[in-house]
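Asks: Throw the hints in and build the complete structure from the sequences for me.
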Amino acid sequence: MLGSAAIAAGGIDKTMSNTKGEIRLRPSFAKLPQPFIVNVIREKDPESAIASIKNAEYDGAIAHDLHLTSLGQPFHNYKDLRRIIASTANPQLILNYRYTNDMSDEERIKRQILAIEAGAAAIDIPADTFDPNYTSYGSAPEGSAEPNANSYNPKELSMDPAVIEKQMKLIETVHSMGAEVLLSSHTRVVMSSEQVVSHALEMQSRGADMVKIVSVCMNEDQLIEAFKSIVALKRTLKVPFQYQCHGEHGKLTRVVGPMLGSMLVFCNQRFAAHTFNEQPLVHAMRSVFQNVDWRIAKPLEEENFNQT
Numbered sequence: 038m039l040g041s042a043a044i045a046a047g048g049i050d051k052t053m054s055n056t057k058g059e060i061r062l063r064p065s066f067a068k069l070p071q072p073f074i075v076n077v078i079r080e081k082d083p084e085s086a087i088a089s090i091k092n093a094e095y096d097g098a099i100a101h102d103l104h105l106t107s108l109g110q111p112f113h114n115y116k117d118l119r120r121i122i123a124s125t126a127n128p129q130l131i132l133n134y135r136y137t138n139d140m141s142d143e144e145r146i147k148r149q150i151l152a153i154e155a156g157a158a159a160i161d162i163p164a165d166t167f168d169p170n171y172t173s174y175g176s177a178p179e180g181s182a183e184p185n186a187n188s189y190n191p192k193e194l195s196m197d198p199a200v201i202e203k204q205m206k207l208i209e210t211v212h213s214m215g216a217e218v219l220l221s222s223h224t225r226v227v228m229s230s231e232q233v234v235s236h237a238l239e240m241q242s243r244g245a246d247m248v249k250i251v252s253v254c255m256n257e258d259q260l261i262e263a264f265k266s267i268v269a270l271k272r273t274l275k276v277p278f279q280y281q282c283h284g285e286h287g288k289l290t291r292v293v294g295p296m297l298g299s300m301l302v303f304c305n306q307r308f309a310a311h312t313f314n315e316q317p318l319v320h321a322m323r324s325v326f327q328n329v330d331w332r333i334a335k336p337l338e339e340e341n342f343n344q345t
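Whatever position you read off the sequence shown (first residue = 1), add 37 for my numbering.
Check before you lean on any hint, since a few could be wrong.
What the hints assert, rightly or not - Calculated lysine-lysine pairs in the DSSO-like style (CA-CA distance at most 30 Å, straight line): (1) 288 x 271; (2) 68 x 265; (3) 91 x 288.
Said to hold, decoys possible - Pairwise CB distance ranges (calculated): (4) 336 x 197: 41 to 47 Å; (5) 92 x 114: 23 to 29 Å; (6) 242 x 321: 23 to 29 Å; (7) 257 x 198: 47 to 53 Å; (8) 235 x 256: 20 to 26 Å.
If you are wondering where the hints come from, they were derived from the structure by calculation, not from laboratory data.
Heads up, the beta-carbon is just placed ideally off N, CA and C, and yes, glycines get one too.
Replies: Rendered as structure tokens:
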């Protein structure tokens, strides 16, 4: 079964039974202490995925992002997904993007629902899911921009009322199962802070637990604008958010963004042929978080600016 029964029945309870019949709560992804390090899993089989989880947790990750688009389709079943998810007590976010056009959005969602049944904490849903006019992900490699990225025409945010209603019903279904939703949008264009905030508020209004926006950054000025966007999101949104930029100039948004208000950093446990190498390494980000003093410890009126 690929989750259709859960949709029809309104989902499962917020607690789960383990193999011994003991009841335990599903871990939360959205409520982890922020910022936190997420290990991105792009392995092809359960054994490699579990190895990535174990190695990443020793390196400092406290959550995982499992790409079903990388995991071989023969392993898209309850037993194998449960094996991966049960290999750690830390929460897992399940992603199933349109890198290829080999299945419908409905089929992709069914597989993510199955992962929730297997114990996943959350799923990542693009904000144009169910829109028949979406821009094919398969035509644009991850990390790439639109041919005219400076022309404002953001991707992955459907404004079709019927599509929005369907997304909101999906979010309600996931919530009824005791899991969470991260609504995502890879815009493929450069965005001002005002545009980012407007984009994020529209996404937040659909009921997701978390919002993720990935735009494009092609120079230092756009990098500074991206940092400004993160601060603006922190002051505006009511839900945790992740904002980062594709591109060489955008790499710093992944490292510095969590210090300004982004909820997490997506990392590789190691670099390999199948990884997205703009994402930093888990152990490197742990070192950054451990060795950079960025948290504000005292109010402005208690600060002393007369020191040498």
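Asks: A separate judgement is required for each hint: does it hold in the structure or not?
Replies: Against the structure, the hints come out as follows:
1. Proximity of residue 288 to residue 271 is assessed by CA-CA distance (about 20 Å); at most 30 Å being required, the pair is judged to hold.
2. Proposed proximity of residue 68 and residue 265 is supported: the alpha carbons are some 24 Å apart, at most 30 Å.
3. Distance check on the hinted pair: residue 91 and residue 288 sit about 26 Å apart at the alpha-carbon level, within 30 Å; holds.
4. The beta-carbon spacing between residue 336 and residue 197, approximately 46 Å, falls within the hinted interval of 41 to 47 Å.
5. A hinted range of 23 to 29 Å for the beta carbons of residue 92 and residue 114 is consistent with their spacing of about 25 Å.
6. Between residue 242 and residue 321 the CB atoms are about 36 Å apart, so this pair departs from the stated range of 23 to 29 Å.
7. A beta carbon spacing of about 40 Å between residue 257 and residue 198 contradicts the range 47 to 53 Å that was offered as a hint.
8. Between residue 235 and residue 256 the Cβ separation comes to about 23 Å, which falls inside the hinted range of 20 to 26 Å.
The structure is inconsistent with the numbered hints 6 and 7, although it conforms to all the rest.
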